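Q: This is what each chain is made of:
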Amino acid sequence: MDIFCLQEFKDEFYKLKSKKAYNNLTSEIIKYFFNKKAEDLSSGRYLNNNTITPYIKKRLKGSGGYRVYYLLIHKTGSIYLMFVHPKTGPMGAPNITNETKTLLYKKVFNCIRKEDLYKLSILDKKIVFNKN
Amino acid sequence: MSRTTLNREIKNTSNEVREFSFKQKKELLSKQEIIDQFLDAIPVLKKVLADRTKTLEDIVDKIDYLTTLGKPSESALLKINDLISLLRDWHSVVIREYVSLNSIRKLKIAKEEIKSYKSAIDDLKEVYEDMESIYFFLPGMPEFEETTKEISMI
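Respectively, the protein sequence lines represent chains S and E. Sequential numbering from 1 applies to the first sequence in the numbering used here. Sequential numbering from 1 applies to the second sequence in the numbering used here.
Hints were generated in silico from the structure; no laboratory data involved. Predicted, not measured: the structure shown is a model, and the values here were computed from it. Errors might be hidden in some of the hints.
To be verified - Straight-line C-alpha distance at most 25 Å; calculated DSS-like pairs for lysine-lysine:
#1 E:K23 / E:K47
#2 S:K20 / E:K108
#3 S:K37 / S:K61
#4 E:K118 / S:K19
#5 E:K54 / S:K61
Claimed, not checked - Covered stretches of chain E, as calculated for chain S (at least 3 residues, CB under 8 Å):
#6 67 to 75
#7 110 to 120
#8 134 to 145
Said to hold, decoys possible - If you want the ones that stay clear, here's a sample from chain S, every Cβ over 12 Å from chain E, calculated:
#9 L16
#10 E28
#11 I56
#12 L71
#13 L123
Built from N, CA and C at the ideal position, the CB exists for glycine as well.
Let the hints inform the model, and build the full structure from the sequences given.
A: Written out as structure tokens, the structure reads:
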């Protein structure tokens, strides 16, 4: 699967990665998202009642772990990481608002249309973000 | 109260005190026995908390699965609304139980189990709030619905 992300995801990823409490974020993202088929990434909480292009909220590392928001487009075999936040620790948050969920959703659609996204790959166990 | 009744009550109470005192004197717990009983109770408490955590996590997984089944009918939506109320009630029960664990938490007993239990309780709250978003609030937001239509055309 091709993995893309929004600027918001990249920014949050680097912010979290710089904190000691979240030093497992990179490995958790790699473990869950990379080298997977669409069906492996289709579990989670669907926010848009849509099974063809689900907007998914996924719990990584259990209850107190991370929440990753992404769009899965089965037709193109691509996923679009939109946002990530931890549940606990210094930057922990219980949830994001409906307005933020909507904003990210609109943003991902616009960025797909304009091809304004980062493509993710792995190099030496690190995630690399390349602008399209 | 008549004098006879008073005398009878004093006698009954004295008998009870005598009996309890005698019984306890015979079964007096040594300091070591008190510590042993306390230590025996810790694994039991840990197991109870781990089981409760697992139950909460399983329910959250089942609800996640529900959300993957597509748009609900009007009658299904009514049932979902009832389910949200049930989850909300359950949350108020488990959060009260968590608060009652405060004294144990201060002693740092079953620290990891209590932490996991709290995370699972928070997850329960998160899931019923998300259900409200998914089935009631987000479909009522025109921008969200419009984006769903646009994305489905990609």
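Q: Against which earlier hints does the structure fall short, listed by number upward?
A: 1, 11, 12
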